[in-house]
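Using the supplied hints, reconstruct the complex from the two chains, each of which is provided in its own coordinate frame.
Quick note, the sequences are listed as chains A and B, same order.
Using our numbering, read the first sequence as starting at 317 and increasing by one per residue.
Using our numbering, read the second sequence as starting at 15 and increasing by one per residue.
You may find that some hints are simply not true.
[What the hints assert, rightly or not] Using 35 Å as the maximum straight-line C-alpha spacing, the simulated DSBU-like pairs for lysine-lysine come out as follows:
(1) A:K479 / A:K399
(2) B:K51 / A:K482
(3) A:K399 / B:K77
[To be verified] Incomplete in silico selection of chain B near chain A, CB under 10 Å:
(4) H20
(5) T23
(6) T39
(7) T46
(8) T54
(9) V69
(10) M74
(11) H75
(12) S80
(13) V82
(14) V87
(15) V97
(16) F98
(17) Y105
(18) F107
These are calculated hints, taken from the structure and not from any lab test.
Note that the Cβ used here is the ideal one computed from N, Cα and C, for glycine as well.
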Amino acid sequence: MIHTEHRDDFGAKMGMWLFIFTELLLFGGLFIVYAVYRSQYPDDFHIAASQLNTFIGTINTIVLLVSSMTVAMSITAIQKGNKKLAMSLIAITIIFALVFMVNKYFEWGAKVHHGIYPGSELMLTLKRGELLFFSLYYFMTGLHALHIIVGMIILIVAFVKVKNSKINNSDYVLLENGGLYWHLVDLIWIFLFPLLYLIS
Amino acid sequence: MTMNKHHITDYKTYGWVLAILLFLTALTVYITWFDLKALTIAAALVIASVKVTIVLTYFMHLKYDSLVLRLMVAMVFLLIALVFVLTFFDYLFR
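Next comes chain B alone, as it looks inside the complex (with noise of 0.2 Å):
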């Protein structure tokens, strides 16, 4: 890919995009409705993940971008989950 020939996504694409992630919404309230504890929690947090996945990939263009931006956004959210885990070490063994 050159630098200055950009890729232009179609209106079809963003199209069936915010389809999933209304359909993915839907899921999310629908499975809330049951109470089914952590299983809830854990479930809408994938749901959240994957959403804010495609999210990045087609909306924020990441899938077309150079690989250096891919990783550098790869990377802030590893460092924030890194944080997360740690934080919860110190949190439930102290």
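One chain only, chain A, in its complex shape (with noise of 0.2 Å):
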């Protein structure tokens, strides 16, 4: 067979870096505002992490790892030609988002329905360095499972794409871009996880 149309795997997966170098920027900003916060109100970050939900907060983490492995497996799946298996993996990691999602509705649930939410009656009763972990909680939070959702759509296109041969074993560049992807959804959660949830 041959290739008349340009392809340049190396450009795209570089570009696909670029992207999360921006991300990673992002969030670092964030985590230099909890870092800075963090020093100035210890005792206050300290009560208000103590009431966070560790063990969805353990689950989650769990969660987001096994559907890393997922996801990188079906690379290996689709470089092996093997498009059934790689299709099974790339359905259980969109799986795993979804609990991560659930989780994630009962953990802010219980939160709001404890009257815990930005610009709720409670939170501005609150001493200064819990307002702030707990604004900062939802901001960081919030903006992470809006990638998680991100996410979760650049797997069903990928999904899909392999469904149809579009991605196959010697075309597959946007099912690895779309892997980092959902790794960088991991890297973040794993800083997330001890600052917000174990540190108390």
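Written out as structure tokens, the structure is:
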């Protein structure tokens, strides 16, 4: 088979990495805000962080780590020309992403039920440091959850393209880039989890 | 390594990587049960950094990617670390 179209897989990959850098700097900035306020209000952060549900946080960490493995394995499957296995592995990853969001719903739901949400009456009566912690908690996990949703959409597109053989064992850079995006979501969570849920 | 010959990571490697990542997660949860103040934070951050390095190396395939990509990624993390240090110089010694 002769390929007449121009393809630059390395360029595509580098472009994806450049985009990932902007995401890392975005979250990096938020982590700096967190670090500065934590150093200024250590006791308030301590009290506020202890109110987060460590169990749900741990479950979601495991969910993201396992889903990172399944998406990485789907690339191996497509490279070996095993289309069916690749599709199953992408589908499993999407299901894990859904599980993460359902957990997040229950976690946030419980917080809102207790009156802790941005702009609530209770939030305004909290001490300055606690208010800052919960605001950062909602903003950082919220922005992260948004990335989970985007990651799910990318994975669904990849799934359809694998099904239509648009992604195949000689052209799979889209799946690789989708995988990179999914791993980015995992990377951010690896730092969010101990900083928000564990250090209390 | 030629441009069109890709390294294929086998399933077993990914399985081991996941096992190590899960072990490190358990370790972080375990050490935070002991309240060692600053030491706990340091330990949690060190473990998180190790986990991130493992994800970058194996899941994100940097181990088998070109040196240019690896250097670019290293630079970005270095930049973030540098901004952290500079910010704290300002806040701690003003």
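Tested hints:
1. Using a Cα cut-off of 35 Å, the hinted pair K479 (chain A) and K399 (chain A) holds, with the two alpha carbons roughly 8 Å apart.
2. A threshold of 35 Å between alpha carbons decides the hint, and for K51 (chain B) with K482 (chain A) the separation of about 53 Å lies outside it, so the pair is violated.
3. Taken as a hint, the K399 (chain A) and K77 (chain B) pair is honoured in the structure, with Cα atoms around 25 Å apart against an allowance of 35 Å.
4. Hint status for H20 (chain B): holds, given a least beta-carbon distance of 7 Å to chain A, under 10 Å.
5. Contact between T23 (chain B) and chain A, as hinted, is supported at the beta carbon level, the nearest pair being about 6 Å apart and thus within 10 Å.
6. About 5 Å separates the beta-carbon of T39 (chain B) from the nearest beta-carbon of chain A, less than 10 Å, and the hint is met.
7. Satisfaction of the interface hint for T46 (chain B) is found here, the shortest Cβ-Cβ separation to chain A being roughly 4 Å, below the 10 Å cut-off.
8. Hint on T54 (chain B) holds. Least Cβ distance to chain A is approximately 6 Å, under the 10 Å limit.
9. The beta carbon of V69 (chain B) is positioned within 10 Å of a beta carbon in chain A (closest approach about 6 Å), and the interface hint is therefore held.
10. Hint on M74 (chain B) holds. Least Cβ distance to chain A is approximately 5 Å, under the 10 Å limit.
11. Residue-level restraint check for H75 (chain B) holds (minimum Cβ-Cβ distance to chain A is 8 Å; threshold 10 Å).
12. Annotation: S80 (chain B) was flagged as interfacial toward chain A, and the flag holds, the nearest CB pair being 7 Å apart, inside 10 Å.
13. With its C-beta approaching chain A no nearer than about 8 Å, V82 (chain B) sits inside the 10 Å limit, and its interface hint holds.
14. Taking 10 Å as the C-beta cut-off, the interface hint given for V87 (chain B) holds, the closest approach to chain A being about 7 Å.
15. Hint status for V97 (chain B) relative to chain A: holds, with the closest Cβ pair at about 6 Å, below 10 Å.
16. Restraint check, F98 (chain B) versus chain A: the minimum CB separation of about 6 Å is within 10 Å; hint holds.
17. Among the interface hints, the one on Y105 (chain B) holds; its C-beta lies about 6 Å from the nearest C-beta in chain A, closer than the 10 Å criterion.
18. Against a cut-off of 10 Å between C-beta atoms, the interface hint on F107 (chain B) is violated, since the closest Cβ of chain A lies about 12 Å away.
Checked against the numbered hints above, the structure breaks hints 2, 18 and satisfies the rest.
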